[in-house]
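Participant: Listed below, chain by chain, are the residues.
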Amino acid sequence: MTESTETRSVGERTTSPEAPAADERENRQSTKQVGLWGDAWRDLRRRPLFVISGVIILLLLAIAAFPGLFAPGDPQAQDLSLAREGPSAQAWFGYDVLGRDIYTRVIHGARASIVVGVLSTLVAVLIGSFVGLLAGYFGGKTDSFLARFAEIFLGLPFVLGAIVILSVFNAGIEGSPGTVRVMTQVILTIGVLAWPISMRIMRSAAIAAKQQDYVNAAKALGASHSRIIFKHVLPNCLAPVMVYATIALGQFIGLEATLSYLGLGLTSPVVSWGMMISDSQQYIISTPHMLLFPAGFLVITVLAFVMLGDAVRDALDPKQK
Amino acid sequence: MRKRRMVAPVAASLSAALLAAGCGGGGGGVTEATGTLEDPITVKWGEPQTELVPTNSNDTNGGTVLNAMFTGLVEYDPETYEPRNAMAKSIERSDDKKTYTVKLKEGWKFHNGEEVTADNFVRAWNYTAYAPNGQQQASFFDRIEGYDEVHPADPDGDGPQKPPEPTAEKMSGLEVVDDHTFTITLKEPFAIFPETIGYEAFSPLPETFFEDKEGFAEHPIGNGPYEFESRTPNESLTLTRYEDYQGADAGNVDAIKLVVYEKSQTAYQDLQSGNLDMIDEIPTSALAGGRWKEELGDQAISRERLGITTLALPLYDEKFQDPKLRKALSMAIDRESIVKEIFNGAATAAEGWAASSTPGYEPGACGEWCTHDPARAKELLEEAGGFDGTMTLSYNADGAHKQWMEAVAGNIRNVLDIEVDMNPVPTFGTYQDKMDNQEMPGPYRYGWVADYPNVETFLKPLYGTDASANYTGYSSEKFDSKLAEADQAATEDKANELYLQAEKQLGQDMPVIPLFTNMVKGGKSERLSEAVMTPRNTPALTALKVAEQTQ
Amino acid sequence: MGRYILRRLLQLIPVFIGTTFIIYSLVWAIPGNPFAGLCGPRGCPPSFVEQMTEQYNLDKPLPVQYVLYLGQLFQGNFGETFNGIEVSTLIQNAYPVTIKLATIALVFEAVIGIAAGILTALRGKGFVDNLVLAATLFLIAVPVFVSGFVIQVVLGVQLDWINPSVGSDPTIGELLIPGFVLGSLSMAYIARLTRTAMFENKRADYIRTATAKGLTPRRVVSVHMLRNSLIPVITFIGTDFGALMGGAIVTEGVFNIHGIGGLVYQAINKQEGVTVTGVVTLLVLVYLLMNLLVDILYAALDPRIRYD
Numbered sequence: 061m062t063e064s065t066e067t068r069s070v071g072e073r074t075t076s077p078e079a080p081a082a083d084e085r086e087n088r089q090s091t092k093q094v095g096l097w098g099d100a101w102r103d104l105r106r107r108p109l110f111v112i113s114g115v116i117i118l119l120l121l122a123i124a125a126f127p128g129l130f131a132p133g134d135p136q137a138q139d140l141s142l143a144r145e146g147p148s149a150q151a152w153f154g155y156d157v158l159g160r161d162i163y164t165r166v167i168h169g170a171r172a173s174i175v176v177g178v179l180s181t182l183v184a185v186l187i188g189s190f191v192g193l194l195a196g197y198f199g200g201k202t203d204s205f206l207a208r209f210a211e212i213f214l215g216l217p218f219v220l221g222a223i224v225i226l227s228v229f230n231a232g233i234e235g236s237p238g239t240v241r242v243m244t245q246v247i248l249t250i251g252v253l254a255w256p257i258s259m260r261i262m263r264s265a266a267i268a269a270k271q272q273d274y275v276n277a278a279k280a281l282g283a284s285h286s287r288i289i290f291k292h293v294l295p296n297c298l299a300p301v302m303v304y305a306t307i308a309l310g311q312f313i314g315l316e317a318t319l320s321y322l323g324l325g326l327t328s329p330v331v332s333w334g335m336m337i338s339d340s341q342q343y344i345i346s347t348p349h350m351l352l353f354p355a356g357f358l359v360i361t362v363l364a365f366v367m368l369g370d371a372v373r374d375a376l377d378p379k380q381k
Numbered sequence: 125m126r127k128r129r130m131v132a133p134v135a136a137s138l139s140a141a142l143l144a145a146g147c148g149g150g151g152g153g154v155t156e157a158t159g160t161l162e163d164p165i166t167v168k169w170g171e172p173q174t175e176l177v178p179t180n181s182n183d184t185n186g187g188t189v190l191n192a193m194f195t196g197l198v199e200y201d202p203e204t205y206e207p208r209n210a211m212a213k214s215i216e217r218s219d220d221k222k223t224y225t226v227k228l229k230e231g232w233k234f235h236n237g238e239e240v241t242a243d244n245f246v247r248a249w250n251y252t253a254y255a256p257n258g259q260q261q262a263s264f265f266d267r268i269e270g271y272d273e274v275h276p277a278d279p280d281g282d283g284p285q286k287p288p289e290p291t292a293e294k295m296s297g298l299e300v301v302d303d304h305t306f307t308i309t310l311k312e313p314f315a316i317f318p319e320t321i322g323y324e325a326f327s328p329l330p331e332t333f334f335e336d337k338e339g340f341a342e343h344p345i346g347n348g349p350y351e352f353e354s355r356t357p358n359e360s361l362t363l364t365r366y367e368d369y370q371g372a373d374a375g376n377v378d379a380i381k382l383v384v385y386e387k388s389q390t391a392y393q394d395l396q397s398g399n400l401d402m403i404d405e406i407p408t409s410a411l412a413g414g415r416w417k418e419e420l421g422d423q424a425i426s427r428e429r430l431g432i433t434t435l436a437l438p439l440y441d442e443k444f445q446d447p448k449l450r451k452a453l454s455m456a457i458d459r460e461s462i463v464k465e466i467f468n469g470a471a472t473a474a475e476g477w478a479a480s481s482t483p484g485y486e487p488g489a490c491g492e493w494c495t496h497d498p499a500r501a502k503e504l505l506e507e508a509g510g511f512d513g514t515m516t517l518s519y520n521a522d523g524a525h526k527q528w529m530e531a532v533a534g535n536i537r538n539v540l541d542i543e544v545d546m547n548p549v550p551t552f553g554t555y556q557d558k559m560d561n562q563e564m565p566g567p568y569r570y571g572w573v574a575d576y577p578n579v580e581t582f583l584k585p586l587y588g589t590d591a592s593a594n595y596t597g598y599s600s601e602k603f604d605s606k607l608a609e610a611d612q613a614a615t616e617d618k619a620n621e622l623y624l625q626a627e628k629q630l631g632q633d634m635p636v637i638p639l640f641t642n643m644v645k646g647g648k649s650e651r652l653s654e655a656v657m658t659p660r661n662t663p664a665l666t667a668l669k670v671a672e673q674t675q
Numbered sequence: 089m090g091r092y093i094l095r096r097l098l099q100l101i102p103v104f105i106g107t108t109f110i111i112y113s114l115v116w117a118i119p120g121n122p123f124a125g126l127c128g129p130r131g132c133p134p135s136f137v138e139q140m141t142e143q144y145n146l147d148k149p150l151p152v153q154y155v156l157y158l159g160q161l162f163q164g165n166f167g168e169t170f171n172g173i174e175v176s177t178l179i180q181n182a183y184p185v186t187i188k189l190a191t192i193a194l195v196f197e198a199v200i201g202i203a204a205g206i207l208t209a210l211r212g213k214g215f216v217d218n219l220v221l222a223a224t225l226f227l228i229a230v231p232v233f234v235s236g237f238v239i240q241v242v243l244g245v246q247l248d249w250i251n252p253s254v255g256s257d258p259t260i261g262e263l264l265i266p267g268f269v270l271g272s273l274s275m276a277y278i279a280r281l282t283r284t285a286m287f288e289n290k291r292a293d294y295i296r297t298a299t300a301k302g303l304t305p306r307r308v309v310s311v312h313m314l315r316n317s318l319i320p321v322i323t324f325i326g327t328d329f330g331a332l333m334g335g336a337i338v339t340e341g342v343f344n345i346h347g348i349g350g351l352v353y354q355a356i357n358k359q360e361g362v363t364v365t366g367v368v369t370l371l372v373l374v375y376l377l378m379n380l381l382v383d384i385l386y387a388a389l390d391p392r393i394r395y396d
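Residue numbers (the working numbering), protein chains in the order written: chain A, 61 to 381; chain B, 125 to 675; chain C, 89 to 396.
I should point out that these hints are in silico values taken from the structure, not numbers from a laboratory. Think of the CB as a built atom: it goes at the ideal place given N, C-alpha and C, for glycine as much as any other residue. There could be a bad hint or two in this list.
[Stated by the list, open to error] Residues on chain C that point at chain A, a partial pick, calculated with CB under 10 Å:
#: 1; residue: L97
#: 2; residue: V103
#: 3; residue: A117
#: 4; residue: P151
#: 5; residue: L219
#: 6; residue: L225
#: 7; residue: R280
#: 8; residue: L281
#: 9; residue: G335
Kindly generate the complete structure, drawing on both the sequences and the hints.
Facilitator: Rendered as structure tokens:
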């Protein structure tokens, strides 16, 4: 076993998790509130995984915020005589079928992809976790009702549901849909359809967590529901949801691709990696670089978020210290 | 020689429990059994959009089957697409140019043994045209006298008002003379009328159709070279050759199985691995860099399509009123480069408003306006006073239009310096609705396939004032009167000449921008020595021929 | 336990009605007349549109349509498609194929996913862990339509190992590769979920107790640790079966499998409410029953959970 195997007594574990073993390591004056997160931060900074992924994500965010700095060209500039030319000194990533510079497009595509991915994950996970926490913690009738409600959405197959919802939304638009509007639609659609998954995960984690001794202890001490939920149950349920969220982020960026592919997602002149991948699909054999570069950026982005998620989870989870 | 790869032994017993009908498709080589029910020739197909009845089916998939199952008065040669008499022994025009006397060939039978008589035609046509029957193909009969009585026009198009009730059940222009003779009277003279009735909508229908319509849709009975054998919805349909067929174009293969594919990519791969004998479309992935020509070699099929793709302009929008602006857009588009780079040469740049392979057509009506001339385009735009705001290009996203539409957008953006964005409409249904209701926010792509091999099919329905498919709102007196003159012409040749003159008027007004004509592209397996695609992009089932046995 | 199951079955009813209603009304809410696109660029005669609209009850208000539909459904009548084919026939043809495909995908993802998860958890951080992490990442990051397409071209066309597309009556053998593609994304989830759960349980008290009382490591892992770690995994697998069946749209399209995914996709494009609702109704049923099964399994796996 390569994991750090600090031993702790059983007695320590039954106390609330925000009085962690870290007390023994360092003297801190911080309040209990800061305890868990502050400790996690301390821990995180020492993890190479976190540092690497953090740097990548910062870089990606910078690209998303100021694409012009990284690629001054116009992502729409088209020269059919250059169509499908491979990477060269003028164009590092080559040209696509319309003779547009792939490097410029990949850089300018970061914004849409990252915004859609991050926001839809946030929407889905926040709604899902909140509902799941309530359902799992309170159980009984609340649980039954919330679980049934979630099942209504879960029963709808994902892509299918998205197609139907977006078809309804899109058809209501006069003329060409604005970028913000389409993005919001895609984000909300993904969020609405995906929240039950994190709800289920959170719920089962909460069911397990509320039966732990430390929760019973807190109850016995007369802590309020909200205190127990947010201080005791939630931190112990975050790990599986984190895992899901990091993975979902990648999936949602890919889903945006599928939706764009079906003509329901983002549309030109907005550029997104998803669109670029969809466009390249037909040319995989003759022009592989059209797929390679946007897909590569997509993979790196997902990788960075998953690594970050892993690191945060390890740091947050009191049981794994 | 069937190759079955990676099939676990357990699988066979499990699959036996499932559908018995389907099997993998053709194998590699030609044997005794090839082309029979045991080992039918397989052709890529798609599920038709409506029931399989000629009066009510308008898509190419339905057309492929119905064309083989029914024979009308006139048919088009699958190779040349020239019209010729099929069931009609003769079609003679009266002196007033409005009445045609049709004599039928005798001894023709439907697949159930019923004889085909004049009554079968007249009844079928009347049934289709009668509004309460709600048949898709009704409008094909709108030139016949009495059509307006059986199918009154809706006063507000598709709007809230209901059209008035029909005052007659039968068109007064159709009259049965005897078992094998009937007359057709038109509302107005239409010189090329006999050429136009080769379409499936003009097929005869047997007695059984009128007795049991639902049963008929499940098991259609025609009078054509092939008869219905079996069908598994969403999977396949099998046709067998009708032994008693009297016509010239009788077919060579005994059994043909049409297999439903959702992706042309999959069908293409199946063709390559010998699981399928004919495809009617080549996936974009294989078109790129002309790969399909290399991979299929002499098994590739291509010919010019009898259709045209245009960029239609919303003339109901005040921004598009100036013909100079419309011409500027036309000259900004680099058709040649798009054809070369996006279609990999599998298309031709348009020089007029009809497909250049249309019999009797002379391209060139668009002239200089259809050439790529950035400088002149800019001048024209300036003369037109520029263009305010963003131009939105629309296309239906369920077809393969994105790439070339983006290229067109890029041309306009680069040459004219106009902001352009895209509006992909998810389905063709919604798209059609927007065209119908004149709600397009800007230029939009439009494709038209000829109903009959004459230039008229590219003009009147699209640009005639208030014509059935005139969605742009174009209206020109000069154009209309030229068409009317042509319709009245004494001979078909004279009519053609006048149609071409009418087309010149479009060159003045540029109501829509002609772009290009795509090639009809397909492929066949080695098991077939011959396979023909019609210029309307359907496989000609009667033209299939099995190759010589290989062993 | 019996009462619990009965209660859960009763609870299925509102969920069932809720889902079918949402689907029906969504398809209904897509603007545009579904029949307008049927006649190609020529446009449809209004009489045709009107007649079809009446035939499919589309001229009535939504709730009336829905009740009419439900009434028919309870008599076992799924209705007819726009081209005159019984929806039940389509479902009979398509369902077995998709169930087979989804089952294969499920077996793949469960076996490989759990195995990979356990392996990494037991070995701890190191080469194997990183390898699995990288592999799962890759599976997550590449959209199914890309991976499916690449696999199809490489294995089916260039190497000629498999049929690039599946016939109308696919065998298990033919469905292996599509099943793998379909299951690959969830496989990554399961591997990571298992790994996380195992890590968490590794240091749980009961594990320590079990080890202390002298059980073999093998028994500790297989009986105690695995049993508890699999709870979130089983939740996921349970919910995933339904999702796999509905999510097979892309995979089925790539490999030309005539399952329900393609059926539903086409039906949505055609705005064929009857087909969409019919197919989705069955999907929802499958999904709900799987969920019930998962909850019952909870009780069996986790002694802490008891249903009255």
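Participant: Have a go at the L281 of chain C hint: is there a Cβ in chain A nearer than 10 Å to its own Cβ?
Facilitator: holds, 6 Å
Participant: Do the numbers back the hint for G335 of chain C, that is, is its least Cβ distance to chain A under 10 Å?
Facilitator: Check passed: Cβ of G335 of chain C comes within 6 Å of chain A, closer than 10 Å.
Participant: Have a go at the L225 of chain C hint: is there a Cβ in chain A nearer than 10 Å to its own Cβ?
Facilitator: holds, 5 Å
Participant: Could you check if A117 of chain C really has its C-beta closer than 10 Å to a C-beta on chain A?
Facilitator: holds, 5 Å
Participant: With a cut-off of 10 Å on the beta carbons, see whether P151 of chain C makes it to chain A.
Facilitator: For P151 of chain C, the interface hint is violated, since the closest Cβ of chain A sits about 18 Å away, which is over 10 Å.
Participant: Per the CB criterion, is L97 of chain C less than 10 Å away from chain A?
Facilitator: It is violated, given that the least Cβ distance between L97 of chain C and chain A is near 12 Å, above 10 Å.
Participant: Does the CB of L219 of chain C sit less than 10 Å away from some CB of chain A?
Facilitator: L219 of chain C check fails; min Cβ-Cβ to chain A is 14 Å, beyond 10 Å.
Participant: Interface hint check: V103 of chain C, Cβ to nearest Cβ on chain A, cutoff 10 Å. Holds or violated?
Facilitator: holds, 5 Å
Participant: So, as I understand it, the hint says R280 of chain C touches chain A; can you test that by seeing if any CB pair is closer than 10 Å?
Facilitator: Holds. Min distance 5 Å.
In summary, the numbered hints that this structure violates are 1, 4 and 5.
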